[in-house]
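One letter stands for each residue in the lines below.
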Amino acid sequence: MATAAGELPKVARGKKQEDVGQIPQWKLMVRRFSQSKLSVGALVVLAIMYTFMIFSDFIAPYPHDVLDSNNSFAPPTQIVWGPDGPGIYGLKQELDMERFQWIYTPDTSVIYPIRFFVQGHEYYFLGLFPSRLHLFGVDAPPDSNARVFLWGADKEGRDLFSRVLKGSQVSLTLGFFGVFLFVVIGSIVGTASGYFGGALDNLIQRLIELIRSFPDLPLYMALAAALPLNVPITVRYFLITVIIAVIGWTGLAREVRGKVLAFRSADYTAAAIAAGASHWHIITHHLLPNAMSHIVVVGMLAIPGAIGLETALSFLGLGILPPAVSWGILLRDAQTVQAVVTYPWLLIPVLLLLVTVLSFNLLGDGVRDAVDPYA
Amino acid sequence: MSNARKLNRRTFLRLSAVTAASAAIAACGGGQPATAPTSAPAAPQPTTAPAAPAPTTPPAATAIPPVTTQYKEAPMLAKLVQEGKLPPVDERLPKNPYTPPHSWLTVGKYGGVLKKTYNNNWGITGFIHEMQYGSSPLRWLKDGLAIGPGFVESWESNADASKWTFKIREGIKWSDGQPFTTKDIMYWWEYTVGGNGKEKEYPAGLKPINSPPDEARSGTGTLMTLNAPDDYTFEMVFDAPAPLTADRLAMWVNMFIGPAWVMPRHYMEQFNPVLNPDKYKDWEEHQRKFNHNNPDIPRLTGWKLDIFEEGVRAVWSRNPYYWAVDKEGNQLPYIDQIIVTAVKDKEIEKLAYTEGRADHAHFHGQGLADVQSLRDAESKSQLEVRFWDSGSGTGSLYFFNMDFKDPKMRAVFRDPKFRQALSHAYNRADVQKAVYFGLGELTTGTFSPKAIEYNINDQGRQVYAAWRDSYVKYDPALAEQILDEAGYKKGPDGKRTMPDGSPLQIQITYGADQAPGGEHLSKNERLARDWQAIGLDAVLTPIPGEGADEKWRAGELPMKTTWEVGDGPNHLVFPSWLVADETERWAPLHGRGYTLRGTASEKEELDKNPWDRNPPRINRGEPDYMPAIAKLHELFDKSKVEPDAMKRHQLVWDMIKVHIEEGPFFTGTIANPPRIILVKKGLMNVPTRDDLLKEGLGGFVNPWIIPSPAVYDPETWYWDNPDAHTA
Amino acid sequence: MLNFIARRLVNMFFLLIVVSFVGFWIIQLPPGSILDVQIQRLRMQGGNLPESMIQALRDRYGVDDPFYVQYWKWISRSLQGDFGTSFETDQKVAERIYNRLGISFGLSLTALLFTWLVAIPIGVYSATHRYTWPDYLITFVQFLGLSIPGFLLALILLIMASRLWDQPIGGLFSPQYADAPWSLAKLWDFIRHVWIAIVVLAIGATAGLTRVMRANLLDVLNMQYIQTARAKGLKESTVIWKHAVRNAIHPLVMSLGTLLPALVVGETLIAIILSLPTIGPLYLDALRSQDMYLAGTILVMLSALLLVGNLIADLLLAWVDPRVRLE
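Line by line, the protein sequences are chains A, B and C.
With our numbering applied, the first sequence covers 1 to 375.
With our numbering applied, the second sequence covers 1001 to 1727.
With our numbering applied, the third sequence covers 2001 to 2327.
Just chain A, same shape as in the assembly (with noise of 0.2 Å):
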């Protein structure tokens, strides 16, 4: 295994010997980002997942919200082919009183067309311009039952696919302010302490392992509990995000500043110091570039985790709550039993979500690649 591994970096190194004096670091950074296949597929997948949530008011047939006890937990629609093409039936809902299930047989008489870009119910397209058009939607009578469900439908007999399309604008935007903050913070002071050391190393420090004891729950719940009744869910969730970046940027600082020592007292600064360079000028340009692939991946780690965090927050009713609708929402509900037994379409979102999450480490990942493109 050593004596492969000794090979291969050397053979990528040798191809871009040429050209890499000569053209810019970005350039560098994109063609050493190109060569990781998988963070190119997980780029792909996310710019699909962001154009999905940027239509998704357009895209989703029904309301996320609207209550119809006729189609609790019915199962994902089948969709056939009928005279005026893609169609579905009715359905017909009965009650097993012995096992106190709805069962759920289709009325095969009638097949009700399904009709691309239809008037629905009215949204505000990226909050801004309302308008009833959507991608598609059943031409039905209201009382035929004949609902389209792409992904089945949950107890309350919404339709899974409106809500994850829905739930896509909290979860895809929402905590990522969240990280940006903790890793601005984190890297800043991180250097800081790391590279002055002495008392302000000491201060910084001693604040960091006291912030680190504080019992981040019982704030968060006395936020939670100090804000007035008429605040929005998505609002209060906002401010606790703030609230994690404020007091999550500890870890991060921490390790930066184990680089930056390391890299301090390294020939090159020794030189820069001798040579009279600023010490912004030793921090941007001979600490924050080393340190930068650690602070990248540590960002992007966070990422999934504050996606994770949501979905915390919300078992302990302090996240997102219902009515309002995120992923994390969304994953406490097929959290059960019987949705992993007997609703499994109910688990579609955490697919998702796991694809999500994949899909920004893998980003991730390649970015941390690229920003060191002379490797």
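Keep in mind that a hint or two might mislead.
[Stated by the list, open to error] Dumping the calculated DSSO-like pairs for lysine-lysine here, alpha-carbon to alpha-carbon at most 30 Å:
(1) B:K1281 - B:K1183
(2) C:K2092 - B:K1281
(3) B:K1167 - B:K1647
(4) C:K2073 - B:K1289
(5) B:K1279 - C:K2092
(6) C:K2092 - B:K1115
Since the hints were made in silico from the structure, they are not lab data.
Since the structure of chain A is provided, determine the placement of chains B and C on it from the hints.
Only chains B and C this time, still in chain A's reference frame:
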């Protein structure tokens, strides 16, 4: 271990032969067919005897010298008696032991282990205590319709119910063999309950830790005198009628849940700071020892706690001194041991049930929606799903805070027309379908339909029907009409406003920890939809649980939406839904004012706004005091000193009339949905709903004051094949 | 050196006092108190609590005292070794924590050992074989492990295991072993109860650690001394393991400081799902119900672990890398 078991089995063989015969006889009369063992026992033994056609003389019994004791006991105890470690069973039992009277009971077999799970820390010791009625003076029978003896054998009162005399069974012993007498009751009264005069003898700075329970006060609120003329008699003497005394002594399992009533004096004395002033400065150690999770404390219940590992498990084993026998004279309980495993998460507990890892489960933690998974797993789990009536009067309910701090919203909430309109706008049938699978009956919201006042005669039944149907009809047009007439007109944006034109928003508040898909959240979502449909700005508002109680008591929260009314068996022992007499329900400030009547604080802070007082409260006669509540308080005060039962019922009906005319103060969905009970196949003597209907009301599991399943004597449960149910 | 340690220890003591004070203040910050929980339970059990009874409870728990009085009551006794009573179960705080400490450490240390043993070699391999199919596969599988929420994975594993074989649900031992002396059979029974927790904890941690290891090693491999080492004609395995890995391991050592407290409460949600009696769920419950003495004691214990961990990390770092000075 296995050696001991063999020895046990020999004694067991002898005994089971005796009991087997009686089981067969009982089976013929009792109507409960004897079931053949489901899994083959290791060795052939007479446990199959019940299947044989009525054997006249059990063959094994003739081979063994006749038993000389009057009563029979479990083999594990018989062995201890032989070894001289335990007195004979006759000496352990009182002169006149308790015999569970239920009609469904058959004579059982000794042995086996009952496995349970529970999903919180309290449950693994607390709930098992809740399953045992052994420390209660009296017991509810027939789902609360009657009262029978407990450790109190007989009781009587004078004509105006102001003096009550109780005789306890002679010869009852604590689980460590020490005699149980009225001294153990007096110890509780004198050392832990305040206000009886004894605290004058306490060292300076030491105060009693508890205040007197409801039953210690007469209808006018003055404290009783408790006397114990001899070891087996105690008297409660009041200055005015205290007609509900017997009911109240039947409430709760007592000792650790509800008022204690009994404390093992010989054990507790060593931790008492009054008696050991050098050793203890406060009651902390005393309180720590007097806890259901303390394995050392002697008990009066059928099982005693052997091992308690917090967050892990609890092991209970039979109390050799339990003072009850079956009708053949076999000492109860039949089952040797109860092993409770702590499961932290509710979903995991469900998994444990579908995998058959528990032998019994009371309704906590499982709802009707779980029946599907439980039924599907039945062949593997061997757990049968049974339904007992909940006795709920409302299902999931909602109510507004009559004492909401904001004066404008308060005026809206206090307007009966507003509440009536909202009740008509509520599509209960949809909730009934979505949450309760179409079960139960639609209701405006009442006390439990099982309450005595609704079942006593035709007039009672009419009162119930009138309250149930008062505002139950789903009629959005009528609702809109009532709101329009009352001045809540629609503004230009289609949203209804207050009569003065200012915006009106209803925050449907509930705890943020409500499980998605649970009954309360499902209901609340529909409530919001139905109210929005008539033009109201109704917003679902999850709130953090921390501090919510305090906010409610101060009138800072508008609604409660996650409870249900399950109380009974009569309105007056637990009247809080009917009358504002405490701070958790629909009129917290009125309730606080009521509890503080006659105290100094009734005269204090009168110049302050009721919401700014400490604690917030509204006194009788103040401008914010609602006339309807005044009427209810007046009727309630009369009922408390009325010795005649029929007249008390009449007063309750009068109070209900106020609820119909000026209500609804709390609004329900459906009445009496079933609760699910899980019973392992082969666990005998656990009643079915039919058994309960024959004798009582089909089960009544919701209220805590009728401790279910303790009222059905789990000490009589037994395994048809005990050898297949060992640890 | 000794001087350094002594100074840090003194610092630590004062910091702990500050932490305990600030922490105690934060714990009592949310409205309500343990009394709400108690009253709720007593009401559930005993119906109406008369005002006098509530007052008796308030006195007993001292909830009307200003928080600094409550703090003083607790800290002055704590310094004498009495951490007070947990209101929730009426047990001694020390007893409740002690009962759970062993299992907490045991579980987490096992998972940690597992993690480091797996993560470092894989990270090295992945860094030295960048952009090869094995690297892609390792990357993908690891991120998959990192992406699944631990508690969901635990739930699914538990459901599957209990369907496929006789997986115990809840507790640490089966009843027949609970009170038996240790034996091979009992050990096996114990492993059957806890394996899911260890696997889930390790899967999450391994992925993260491997990525960090890989990234650090890639940084180090660019250093001139590595090229020098190669130029000297050293064996590639010596270059990697002796020169590169030793330097790449710094951040991992630094993370030790945060590791100790994480060992104790890191598994909270997983422990809830698997009903394991560890410190995490206890801490969570204590915070939520404002069981002040219990929550405060665990908080200070965690801080102490953090501080000790940081000290150890600094010492280790100085040992691994002589360039780092202890001043």
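(request) Against the structure, test the hints numbered earlier, and report the numbers of the ones violated in rising order. (result) Failing hints: none at all.
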